[in-house]
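Enquirer: The primary structure of each chain is shown beneath.
There are 4 protein chains.
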Amino acid sequence: MASVKRIMSELAAYVAAIADALDNKQVGQVIDLLVKAHEQKAKILVIGAGRSGLVARAFAMRLMHLDFNVYVVGETITPAIGPNDILIAISGSGSTRLVVTAAQIAKEIGAIIVAITSYRDSPLGKLADYLVIIPGRTKIARRDDYLARQIIGEHEPLAPLGTLFEVSSMVFLDSVISELMARLGYTEEKMKAKHATIE
Amino acid sequence: MASVKRIMSELAAYVAAIADALDNKQVGQVIDLLVKAHEQKAKILVIGAGRSGLVARAFAMRLMHLDFNVYVVGETITPAIGPNDILIAISGSGSTRLVVTAAQIAKEIGAIIVAITSYRDSPLGKLADYLVIIPGRTKIARRDDYLARQIIGEHEPLAPLGTLFEVSSMVFLDSVISELMARLGYTEEKMKAKHATIE
Amino acid sequence: MASVKRIMSELAAYVAAIADALDNKQVGQVIDLLVKAHEQKAKILVIGAGRSGLVARAFAMRLMHLDFNVYVVGETITPAIGPNDILIAISGSGSTRLVVTAAQIAKEIGAIIVAITSYRDSPLGKLADYLVIIPGRTKIARRDDYLARQIIGEHEPLAPLGTLFEVSSMVFLDSVISELMARLGYTEEKMKAKHATIE
Amino acid sequence: MASVKRIMSELAAYVAAIADALDNKQVGQVIDLLVKAHEQKAKILVIGAGRSGLVARAFAMRLMHLDFNVYVVGETITPAIGPNDILIAISGSGSTRLVVTAAQIAKEIGAIIVAITSYRDSPLGKLADYLVIIPGRTKIARRDDYLARQIIGEHEPLAPLGTLFEVSSMVFLDSVISELMARLGYTEEKMKAKHATIE
Numbered sequence: 017m018a019s020v021k022r023i024m025s026e027l028a029a030y031v032a033a034i035a036d037a038l039d040n041k042q043v044g045q046v047i048d049l050l051v052k053a054h055e056q057k058a059k060i061l062v063i064g065a066g067r068s069g070l071v072a073r074a075f076a077m078r079l080m081h082l083d084f085n086v087y088v089v090g091e092t093i094t095p096a097i098g099p100n101d102i103l104i105a106i107s108g109s110g111s112t113r114l115v116v117t118a119a120q121i122a123k124e125i126g127a128i129i130v131a132i133t134s135y136r137d138s139p140l141g142k143l144a145d146y147l148v149i150i151p152g153r154t155k156i157a158r159r160d161d162y163l164a165r166q167i168i169g170e171h172e173p174l175a176p177l178g179t180l181f182e183v184s185s186m187v188f189l190d191s192v193i194s195e196l197m198a199r200l201g202y203t204e205e206k207m208k209a210k211h212a213t214i215e
Numbered sequence: 017m018a019s020v021k022r023i024m025s026e027l028a029a030y031v032a033a034i035a036d037a038l039d040n041k042q043v044g045q046v047i048d049l050l051v052k053a054h055e056q057k058a059k060i061l062v063i064g065a066g067r068s069g070l071v072a073r074a075f076a077m078r079l080m081h082l083d084f085n086v087y088v089v090g091e092t093i094t095p096a097i098g099p100n101d102i103l104i105a106i107s108g109s110g111s112t113r114l115v116v117t118a119a120q121i122a123k124e125i126g127a128i129i130v131a132i133t134s135y136r137d138s139p140l141g142k143l144a145d146y147l148v149i150i151p152g153r154t155k156i157a158r159r160d161d162y163l164a165r166q167i168i169g170e171h172e173p174l175a176p177l178g179t180l181f182e183v184s185s186m187v188f189l190d191s192v193i194s195e196l197m198a199r200l201g202y203t204e205e206k207m208k209a210k211h212a213t214i215e
Numbered sequence: 017m018a019s020v021k022r023i024m025s026e027l028a029a030y031v032a033a034i035a036d037a038l039d040n041k042q043v044g045q046v047i048d049l050l051v052k053a054h055e056q057k058a059k060i061l062v063i064g065a066g067r068s069g070l071v072a073r074a075f076a077m078r079l080m081h082l083d084f085n086v087y088v089v090g091e092t093i094t095p096a097i098g099p100n101d102i103l104i105a106i107s108g109s110g111s112t113r114l115v116v117t118a119a120q121i122a123k124e125i126g127a128i129i130v131a132i133t134s135y136r137d138s139p140l141g142k143l144a145d146y147l148v149i150i151p152g153r154t155k156i157a158r159r160d161d162y163l164a165r166q167i168i169g170e171h172e173p174l175a176p177l178g179t180l181f182e183v184s185s186m187v188f189l190d191s192v193i194s195e196l197m198a199r200l201g202y203t204e205e206k207m208k209a210k211h212a213t214i215e
Numbered sequence: 017m018a019s020v021k022r023i024m025s026e027l028a029a030y031v032a033a034i035a036d037a038l039d040n041k042q043v044g045q046v047i048d049l050l051v052k053a054h055e056q057k058a059k060i061l062v063i064g065a066g067r068s069g070l071v072a073r074a075f076a077m078r079l080m081h082l083d084f085n086v087y088v089v090g091e092t093i094t095p096a097i098g099p100n101d102i103l104i105a106i107s108g109s110g111s112t113r114l115v116v117t118a119a120q121i122a123k124e125i126g127a128i129i130v131a132i133t134s135y136r137d138s139p140l141g142k143l144a145d146y147l148v149i150i151p152g153r154t155k156i157a158r159r160d161d162y163l164a165r166q167i168i169g170e171h172e173p174l175a176p177l178g179t180l181f182e183v184s185s186m187v188f189l190d191s192v193i194s195e196l197m198a199r200l201g202y203t204e205e206k207m208k209a210k211h212a213t214i215e
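Protein chains in written order, with the numbering used here: chain F, 17 to 215; chain B, 17 to 215; chain P, 17 to 215; chain V, 17 to 215.
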């Protein structure tokens, strides 16, 4: 299956391209917000639908390893969100209705909204206090080779539906974790102590 | 936050390196098994703990979009697994106890075990009928530059705990989905019809 | 802990009181709808927030044992809902926003809405095509004894928040399962064959 | 559907019968353990498979409303369990393999095991430091009337599989919550402040 290896390399190349397209200022503001939240033990809730929801959970798990006070909307022991708590909402389109409704509720309560999305002008983008734009498939500068065109969808896309957004968001958020480790002085060993032991 | 962009690029580079290290024969056998399962509407269950479990779910969601008969162990409507059904188990270490126990139960029942792991000789690796080795952090050929050494852990790793395995597995399985689309003749449009509408 | 036994008996007595208050016609219509859905393999999605969501899942699991084509909104392999599919929404207040939003989406798509709620005039109640009213705490005829008054909330309630609704809904839906077994000719043995084997 | 009402009443009557059969000493010890855990902010993890897992979550949610330091095994932000932390495991048969494996892991780590089960001599029962026996279907004193015999299974049971255990466990644990409210001085109003606001 040489093609699987080739597609995997191409996906990796696109994640690198998306890294290049990130706005350092947006990213820096979110990192600063998270560092302050860690210091103040502020409550953070994450939300996303479908595969974006899985990416949100993967991020929340690492935030827990870093001793953040973090919860996943919809899980059992998630408490009330209150004023000045933080909601991190992940939605490529920025218009997933249950996610937007959740962000609206949080906004009404006075929480801070962080949006990870491809669209600044989406309903979620407009609600956000902090925003990181992860360019979606249509936004990536088109490259010349056949596979590149396939991935971005000129032919049948190799990364269907939200795949590029989801994979890029996951790698982006893992990079945020890495930066937080440095900023907060956490070693891998220290994170391991929090890692679930019943699994 | 130039460093976040740099880490993200490095993570992407490592995913590409892992793509190179894949065994085409292993991958080909799993693709063939899945194509046959699609044809025969065989039941597929996926399992993983922690972030590997999230990767398993992300894969299951796309298999559902491709009309596979797929379930996630532990979710509400997951039925009995029986002889000749398929269990896809994801575990970097291959020794996550609840995952290994689940694989043992499935094996006793006569199911086919597919393992995605870094360790062929792990308890999960030994139980597997089909195996795809995704090299873990320690297995990647060490590169010279500072960030590379950081990622693979000579200094404090930039990708702590199972991060490299999880990200690589996610991109690998998305590449499998892409190959399955081609083999089974699915367009993105056709997959979209199955995509959850309440979200 | 004699008091725990006493509270448990009182809760049981209230569930019995709620059974008396059920509207046979409402219940009969939902049973008929489900029998028809079974026959036609119609898609059923269930939804609820918090503990009502857990009750929804407990019901979905038994429907799966009865070979219904049933899914839980928000779980991994839940597909699109379409026209004439069924959404069963559980909400005591009938105004849980994410549940109401989900019901609105389903309604726009042309799905059939079944609401299990305490309030006919709630947003969810108004959206519903089929409705079963499970009386909430304030609706139960007040009894004389001390514990009864405690449970219904004259003093500090013994069954706080939505407890009475949730417990009553669970027992009600298990009674619906029992009736469906009879109507569809399922034995316990037949249901057992579908019961998850990896657990 | 007069039969649904009748079954519901019968299920309620059986829950009351199970209340009578509870061992006050067992219940008292668990309440005392929980009161101490509250005081010391000890970590509590709950686990169960299938519908017992849903009952475990329903209990965990109320413990969270009472400010317990509680988590659900398998959810995203569940941290490591350590020595003297508490694992509450719910399994009617007491031999659900993933639950027993989890209890074994917790035991090896030095955690305190609380089992809610029908069988003292089951693998889970034997691992337990604290035990509450909730009699299963076969254990209830047989009554004379037709419906009673149906529920306990002489004819096709009205409460198939683990239904009686699950419903009884849920009502039992809600009664424990009520007792904890009294012991810890929590009002419904105070619990409401913790209740999820995004839903």
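Possibly wrong hints are sitting among the right ones.
Chain copies aren't distinguished; within one or between two, either way the pair holds.
Stated by the list, open to error - Capping the alpha-carbon separation at 27 Å, the derived lysine-lysine pairs in DSS-like fashion look like this:
#1 Lys57 x Lys210
#2 Lys41 x Lys21
#3 Lys41 x Lys52
#4 Lys208 x Lys123
#5 Lys123 x Lys21
#6 Lys208 x Lys59
#7 Lys41 x Lys210
#8 Lys41 x Lys208
#9 Lys41 x Lys59
#10 Lys123 x Lys41
#11 Lys123 x Lys52
#12 Lys206 x Lys142
#13 Lys206 x Lys123
#14 Lys41 x Lys206
#15 Lys142 x Lys52
#16 Lys206 x Lys59
#17 Lys210 x Lys52
#18 Lys123 x Lys210
#19 Lys59 x Lys210
#20 Lys123 x Lys57
It should be emphasised that the hints constitute simulated quantities derived from the structure, not laboratory data.
Enquirer: Does each hint hold? Answer for all of them.
Expert: We went through each hint and held it up to the structure:
1. In the homo-oligomer, the alpha carbons of lysine 57 and lysine 210 lie at most 27 Å apart both inside one protomer (16 Å) and across protomers (17 Å), since each shortest distance falls under that limit.
2. Taking the shortest alpha-carbon separations for lysine 41 and lysine 21, only the inter-copy value of 11 Å comes in at or below 27 Å, while the best intra-copy value is 34 Å.
3. For the identical chains of this complex, lysine 41 and lysine 52 are intra-copy neighbours only, at 17 Å inside a copy versus 48 Å across copies, given an alpha-carbon limit of 27 Å.
4. Proximity of lysine 208 and lysine 123 under a CA criterion of 27 Å is satisfied inter-copy only: 20 Å between copies versus 34 Å inside one chain copy.
5. In this homomeric assembly, lysine 123 and lysine 21 never come within 27 Å of each other (Cα to Cα): the closest approach is 44 Å inside a single copy and 29 Å across copies.
6. In this assembly of identical chains, lysine 208 and lysine 59 lie within 27 Å of each other by CA distance both inside one copy and across copies; the values are 22 Å within and 17 Å between.
7. In the homo-oligomer, the alpha carbons of lysine 41 and lysine 210 never lie at most 27 Å apart, since the shortest distance is 31 Å inside one protomer and 35 Å across protomers.
8. Taking the shortest Cα distances, lysine 41 and lysine 208 never come within 27 Å of each other, neither inside one copy (31 Å) nor across copies (35 Å).
9. For the homomeric pair lysine 41 and lysine 59, the shortest alpha-carbon distance inside one copy (24 Å) is at most 27 Å, but the shortest distance between copies (39 Å) is not.
10. Taking the shortest Cα distances, lysine 123 and lysine 41 sit within 27 Å of each other inside one copy (23 Å), while across copies they are farther apart (42 Å).
11. Taking CA atoms no more than 27 Å apart as the test, lysine 123 paired with lysine 52 passes inside one copy only; the shortest distance there is 20 Å, against 37 Å between copies.
12. For the identical chains of this complex, lysine 206 and lysine 142 are neighbours neither inside a copy (38 Å) nor across copies (31 Å), given an alpha-carbon limit of 27 Å.
13. In this assembly of identical chains, the alpha carbons of lysine 206 and lysine 123 lie at most 27 Å apart only when taken from different copies (23 Å versus 34 Å within one copy).
14. In this assembly of identical chains, lysine 41 and lysine 206 lie within 27 Å of each other by CA distance neither inside one copy nor across copies; the values are 29 Å within and 39 Å between.
15. Proximity of lysine 142 to lysine 52 under the C-alpha cut-off of 27 Å is restricted to the intra-copy arrangement: shortest distance 23 Å within a copy versus 44 Å between copies.
16. Taking the shortest alpha-carbon separations for lysine 206 and lysine 59, both the intra-copy value of 21 Å and the inter-copy value of 19 Å come in at or below 27 Å.
17. When the C-alpha separation of lysine 210 and lysine 52 is checked against a cutoff of 27 Å, the pair qualifies both within a copy, at 21 Å, and between copies, at 23 Å.
18. Taking the shortest alpha-carbon separations for lysine 123 and lysine 210, only the inter-copy value of 18 Å comes in at or below 27 Å, while the best intra-copy value is 31 Å.
19. Both within a single protomer and between protomers do lysine 59 and lysine 210 lie at most 27 Å apart by alpha-carbon distance, with minima of 18 Å and 12 Å respectively.
20. Taking the closest pair of Cα atoms, lysine 123 and lysine 57 come within 27 Å of each other only inside a single copy of the chain (20 Å); across copies the shortest separation is 31 Å, beyond that limit.
Of the numbered hints stated above, those contradicted by the structure are hints 5, 7, 8, 12, 14, listed in ascending order.
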